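J.: The whole structure should be built from the sequences, with the hints applied where relevant.
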Amino acid sequence: MEQVFLKYIDDPNQHKIDTYIEHGGYQAIQKVFKEYQPTEVIDTVKASGVRGRGGAGFPAGLKWSFVPQNTGKPIYLACNGDESEPGTCKDRVIMENNPHLIIEGIMICCYAINAHHAFIYIRGEFAHPAARVEAAINEAYAKGYLGKNIFGTGFDLDIIVHTGGGAYICGEETSLLSSIEGSRGNARIRPPFPAVEGLYKCPTVINNVETLSSLPSIFNNGVEWYRSHGTEKSPGTKIFSLSGNVNKPGNYEVDLGTPLSYVINDLGGGIQNGHKLKAIIPGGSSTPLLMPDQIDTPLDYEAVAEAGSMLGSGAIIVIDERSCMVWVLMKLINFYAHESCGRCTPCREGTAWLKQLINRIENGDGQPGDIELILDVCDNIMGRTICPLGDAAVMPVRSFIQHFRDEFEYHIEHKKCKVETDYPFV
Amino acid sequence: MQGRNGLPVCVKNMSDNGKEKEQVTLTIDGKEISVDKGTTVLDAATLMGIHIPTFCWHPKLDSIGACRMCLVDVEKFPKPAVACATEAMPGMIVRTDTDEIVKARRGVLEFMLLNHPLDCPTCDKGGECDLQDNVFHYGIDKSRQAFTRRRVIDDQTTDAFDDKRIGPEIIRNMNRCVTCYKCIRFNKEIAGEYDLGAYERGNHTVIDAAPGEQIDNFYSGNVVEICPVGALTNTDWRYKIRNWKAKQTLSLCSHDADGQNIMLWHDQRQLWRATSRRNDDIDDGWICNIARYGYQYINSPDRLKTPLIKKEGKQVPASWDEAISLISKRFKEIKDSKGSVCLAGLIGGNQSVETAYLFNKFFRNKLHTNNLDYRLEYIDLKGSDETEAYNCLYRAPFTIADLEQADVVFVFGSNFIKDHPAINLRLRKAYRKFGTKVYTANPVETKSADISLDEMIYSPDTETAFIAGLIHAIIDNKYYKNIDETKAAEVKTMLAPATLDEAARLCGIEQERIVNLAKVLSEANNPYILAGDYFVASAKRHRTANGMYDLANLLGIKDSNAIILASQANSMGADRVGVRPRLTENLKKTLIDKWGEELPESPGSNTSQILNNSLDEEIDGLFILGANPAMRYPDGPFVNSALDKLDFLVVADLFETATSAKADVVLPLAGWAEQSGAYVNVEGRYQKFEKAQDADKGIKSGIEIIHSIARAMDLSLNLDNAALMHETKDIVDAFEREARDEAKFFEVKQAQIPEHDNYPYRLLVGNDIHHFGYVTEHCPSLMRFTPEPYLEISPNLAEKLGIDEETLVRIESTTGKLVLKARFSEYFEGDVLFIPNNFSATEVTGLVSREGGGWVKIEKLDDK
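For the protein sequence lines, the chains are A and B, in the order given.
Under the numbering used here, the first residue of the first sequence is numbered 1, with each subsequent residue one higher.
Under the numbering used here, the first residue of the second sequence is numbered 1, with each subsequent residue one higher.
Source of the hints: derived by calculation from the structure; they are not laboratory data.
From a predicted model like this one, the values you see are computed outputs, not experimental measurements.
No false leads were mixed into what you were given.
With a straight-line cut-off of 20 Å between C-alpha atoms, the simulated SDA-like cross-links for lysine to any residue are:
| # | chain 1 | residue 1 | chain 2 | residue 2 |
| --- | --- | --- | --- | --- |
| 1 | A | Lys73 | B | Arg432 |
| 2 | B | Lys433 | A | Pro191 |
| 3 | A | Lys201 | B | Asp62 |
| 4 | B | Lys79 | A | Ala56 |
| 5 | B | Lys103 | A | Arg398 |
| 6 | B | Lys76 | A | Ile189 |
| 7 | B | Lys437 | A | Cys202 |
| 8 | B | Lys142 | A | Asp376 |
| 9 | B | Lys433 | A | Gly72 |
| 10 | B | Lys103 | A | Gly383 |
| 11 | A | Lys201 | B | Gly435 |
| 12 | B | Lys310 | B | Lys329 |
| 13 | A | Lys201 | B | Glu87 |
| 14 | B | Lys729 | B | Thr584 |
| 15 | A | Lys201 | B | Lys60 |
T.: Here is the structure:
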């Protein structure tokens, strides 16, 4: 299968500018500068159908076209590298291994939307990837690819690396903007949408690392080539971060629409020790479960949605028969309660309450009625919060209870796991 | 239109003021309404009388949609929307009462109560708590909480209720907090303060002072008032009285000139607190700490409660009858033996306009003297009145709210936050919301200049040179409007220093910055020049005022947009009713019409002339009503000897003061809250305040005192209170001012700056940020902010002189000396010192000369 992001994953020098150029890097941007007007760039990206790889899958070209060009204010690009969704490590591999691909993507986007300042917001824990990106940016400046008058076109661009302070919420786009501005990472209400009033109250585009990294390939190979990968509505390739009870966990880049079973069984080498598959989290920890009978679901936005879940960030977590689902859910809800920013009431108080309730079931203190209470609390959080974190916390809770209610009831009644296992973590 | 809590609904977008707004029609709960485009669903619903509950919403703060209480159902929206931040759109169909919405709101309340201590019986907010009200309304009768409730305690929470003091006045109880962020948002958005913040995350979020800091900013009281629950309370009010047992009375801040609207809470015993009473024309519902805590002097146990009469050099208690008949006898004697010109009256700038008017009528119409004044704070002019230019600018028809339409505001000689708390906030709002550009020029760095694009610091006493420089810059660069080149050349000859270069050098500011300011002002569509207390307190203010007049004319600045701001609650009122020796022709006519008698012909003396004349034994009898020149007027030794020289001095005041100590008769005076009346604020706006409580039996109001003296002298003023109020209002309304003459230009000549070889440092004297005048010493809350006088010094200068913080420093001028603790300034950088003149124990005016302000030398006191 043809790859975009991980093509040169085995070249230890791919992060260096000379190697990147040797492999055809910085061709796309020169082509763009030479042959395209900014609006044509947007049109091309629209035509390519590339969708946001951060999780929501919003068409990138359409997002760019919302940016008003006549406000007299500067326009900013924020590249979201705050990859924190449990199970997800796809942006990390690009930042570490192929940082110039991001820079080239940022250049294309900035040219299209007429931005002269771009920020790369990198998760605080990603010290090594941040250092790699920083070094790559310095290389690009030294070559004259960044700064004033790039390639003699008169176009100026500065890229600033901003590392986070360890908050999951800063991966949410409005919190990310608050954080760059130096404020506490709190979500903001929309509207106004960032495209109109974002960073420093100026029009701002926020794109994921993987989204921006897709761009050079579109301009190098053409829209048709790009659309030849993936499906009609979900074109292109995507990195899936495969983890959990599989033999070969890792980042795999495949065409969108590839069956889930191909990734788990053919690329991931199947379930550990031949155990029985129990459930799959297909798109990062917040997405609802897929069951074993759904293993042939094609990995594209539409098909996964139709199967009752979301493609999300593409983090596939495989759970086999040895795991107690109450324990797994406890791990997840503990994460979300810890990461709630505290801005809005339902998420702030609700996730903490869910954490208490699910922990007490896991600890053998569950009471009759707890499951109903948990579901009711979920109702009071779902769709009631400023940002998607509340929903993200609730979706796995609902899904786990929907599919494995018996395990929860067993836990409450017998004060222990239904699953008898020697699995070391449970 | 009245909205929730009786407050006017804020639906107008001020940025487009004057233009007809586009209308939007939407349906809420089945009823249609048309509103201005930009109105939120919440405001639209409020207009229709539909109540949508909120916690984090505030009409004057940006909506953040955090509490999720105002969720409403909007047709075609995928999920409920927050009414506080959803803009009304044409054809929108909103429901506020669906089962889903009610469930959502009950859910929010349940979440809020989850870890709430439910300590209503011991909570001070009970009865005025949004959480109580909303839970009451939505009827959450059972708790599903099965876990131990979260308590937020740290090593500084000592109280049984987990209270923690986070400021001189403010106490935080995090257990009750619903995390609406209103306090932090107020601080950041409105006051521009960063001493309060949110720490930790999720449901561990705590609202706390920034590390190592406390919430002591000048507007900090507002965070208590806008707290929807009992999380933030203040020592002023908490645990003293239940709010429903206190009566509320409409009142005004009795200190500065902005006229902030307040509500006094009281019972028959005393005043208990002051809260804001939103007036969008003035204060937007935010009041400064002086307006909030500055009522407390009324409650002071140190109040004078019986008249004192000096017998054998000692003041001893006496009856009112005795005191009044003595006054009447002595005034009569002086009048009969030496003539009316030997009597004089001085009245404080925070007496009601009615008192001021009656004072005027008594002196002019009954005692037949023009010797009276209300300007007791600043160095006076040699002539009997301010100059034409000064008066014209002082009485300019300025409107606070119009500042929002300003594109450039030049603040000249003012620490705005201190001098004009409400105007300061309005300016910050203009800056934040409407992009108004602010420029400042001051003798020192000031706190409120943080929004200034160029904070210019001129050398002491060079205000005139600065403004002359600005005029040079305008003429040299042809920035002027409405005049031709010949006239411009002529104006240029009226300036000293004679060139921009010289002027810039003299005031120590680079030419380019002065030229830039001139350019910015000339290019602005609606520029303002606002002059404050540093300007007013400067000895040569009339020269600078000439410059400001010329400047406004050269740039074609609107008459309302160039103003010298008055400083006390009723300064403008006293001015309008004529408490000054020289009156405008218009006012003379009004008074003659009213009184049916000619006015006395003697020229009349102003404050400094009255004091001088007393030294020369030309004034024998003086009546000082609610003022303390011995403490506040420059050159203390001079004032003291002038007062000593008087044959007969009557002082009416709330407290024994340095001035009353000199008096032959001291009369206990009622405070503003003990009478009804009105103040005329800096804009010339007449605002009434109501009587909150009766004064002690032994205390009389200024009006009663004047009437009693008049009666005892057989000079009936024949005005009952209603008639007085009416007559005063007529006089205030009859005020007319000649507009600034755009063709007129005055000389602008910098005065010789005297040498101060042995006294190298400029001393500024004025109000501490948390004090005003001489009564705030009697306000315990304000004393918690600034408990004692100090010498404010820049860290640079302190280092140069080897002075540490908190060490004693001797300050010496030609007229006096003083020892004070040094305090490092957060703002000062140069060789300028500041001492507050709000503390009776510090005779700071002894250091200040009447001619040229304060010049001092300082030295560290040896540690012995």
